[in-house]
Amino acid sequence: MRRGCSIAACLASLLLPATLYSQTSAEKIPDLSGDWFHPVVLSISPSDARGTKRGNEGDVPYRPESLKAMMAEVPATGADGHFELTTDPYIQYCEPLGLVRMFGYPGKSRFIQTADAVYILDEIGPTFRIVWLNAKHPDDPDPQYLGHSIGHYENGDTLVVDTVGVNDKTWFDQMGHPHSDQLHLIERFRRVDDKTLSYAITIDDPGAYTTTWTSGPRNFTRSETGFLRYQWACSTRDTREHYEKVGSAGNPGSTTTFK
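Quick note on numbering: the sequence shown equals residues 0 to 258 in numbering that gives the first Met the number 0.
Treat the hints with care, since some could be wrong.
[Stated by the list, open to error] Heads up, simulated BS3-like pairs for lysine-lysine below, C-alpha to C-alpha not over 27 Å straight-line:
#1 Lys168 with Lys52
#2 Lys168 with Lys67
#3 Lys52 with Lys67
#4 Lys27 with Lys194
#5 Lys135 with Lys27
[Unchecked claim] Ranges of calculated distance between the beta carbons of each label pair, as one might list FRET restraints:
#6 Leu84 with Asp30: 37 to 47 Å
#7 Lys27 with Arg221: 18 to 28 Å
#8 Thr201 with Pro38: 20 to 30 Å
#9 Lys67 with Trp131: 29 to 39 Å
#10 Pro38 with Gly225: 16 to 26 Å
#11 Asp203 with Arg49: 19 to 29 Å
#12 Ser32 with Pro60: 30 to 40 Å
#13 Asp203 with Lys27: 25 to 35 Å
#14 Gly33 with Pro60: 32 to 42 Å
For the record, the hints were derived by calculation from the structure and aren't laboratory data. Predicted model, so just to flag it, every value in this text is computed and none were measured. All C-beta atoms in this analysis are idealised placements derived from N, C-alpha and C, irrespective of residue type, glycine included.
Kindly produce the complete structure, drawing on both the sequences and the hints.
Set out below in structure tokens:
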């Protein structure tokens, strides 16, 4: 004899697999939410984090023209630093720090995860990025400071962010490592433990480098001190006042007038 089922029971049996799938998927999503502090990084060269061998690191595959262009720039700090003469677009024009470099200053980033996107808010700027989940890049993205980012989760502990459509106006770090508008950047945010978030990058940019290369990982640490306690906004007036009070960051004690 055929046995029937109540409407409620039948619906429950139909929904159960979807519910289990949803729970299983959720278990594979790492919890990156909260505030993460990123320390100072002067250079993304794997062997020269302090920027003492700018242009001669040996592990950055520059194209000759990109190396020449970088060495014509004047960083504000490091071994070649001249704050009063710097061509750093962030200091000189208050342009956005841009990709990678936004995580090289001693500030905090807050990660907010939703079903459609991961929002990365940063105290410096302040700035925010949107990493779209379950999405594709546009066929012909307009070059912008932060490009177009899509993401997915891997191994239950990592957010992988894929970015294209970036303009060539920013530096990767304070030493001036360049990129072109052909940049394809992969960032990996891996939850190591309760207090540690690992950050590593892969740079694929045939307009600036001869081959794909990597930097990191380096660690962000969990912060419980509160987000955006200080609004770290770029101001040419504040930059001028800072220089006049403390001198060149690259040459402490300099009395050269800031221009």
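Tested hints:
no.: 1; hint: Lys168 with Lys52; result: 23 Å, holds
no.: 2; hint: Lys168 with Lys67; result: 16 Å, holds
no.: 3; hint: Lys52 with Lys67; result: 15 Å, holds
no.: 4; hint: Lys27 with Lys194; result: 19 Å, holds
no.: 5; hint: Lys135 with Lys27; result: 21 Å, holds
no.: 6; hint: Leu84 with Asp30: 37 to 47 Å; result: 45 Å, holds
no.: 7; hint: Lys27 with Arg221: 18 to 28 Å; result: 22 Å, holds
no.: 8; hint: Thr201 with Pro38: 20 to 30 Å; result: 21 Å, holds
no.: 9; hint: Lys67 with Trp131: 29 to 39 Å; result: 36 Å, holds
no.: 10; hint: Pro38 with Gly225: 16 to 26 Å; result: 18 Å, holds
no.: 11; hint: Asp203 with Arg49: 19 to 29 Å; result: 26 Å, holds
no.: 12; hint: Ser32 with Pro60: 30 to 40 Å; result: 36 Å, holds
no.: 13; hint: Asp203 with Lys27: 25 to 35 Å; result: 26 Å, holds
no.: 14; hint: Gly33 with Pro60: 32 to 42 Å; result: 36 Å, holds
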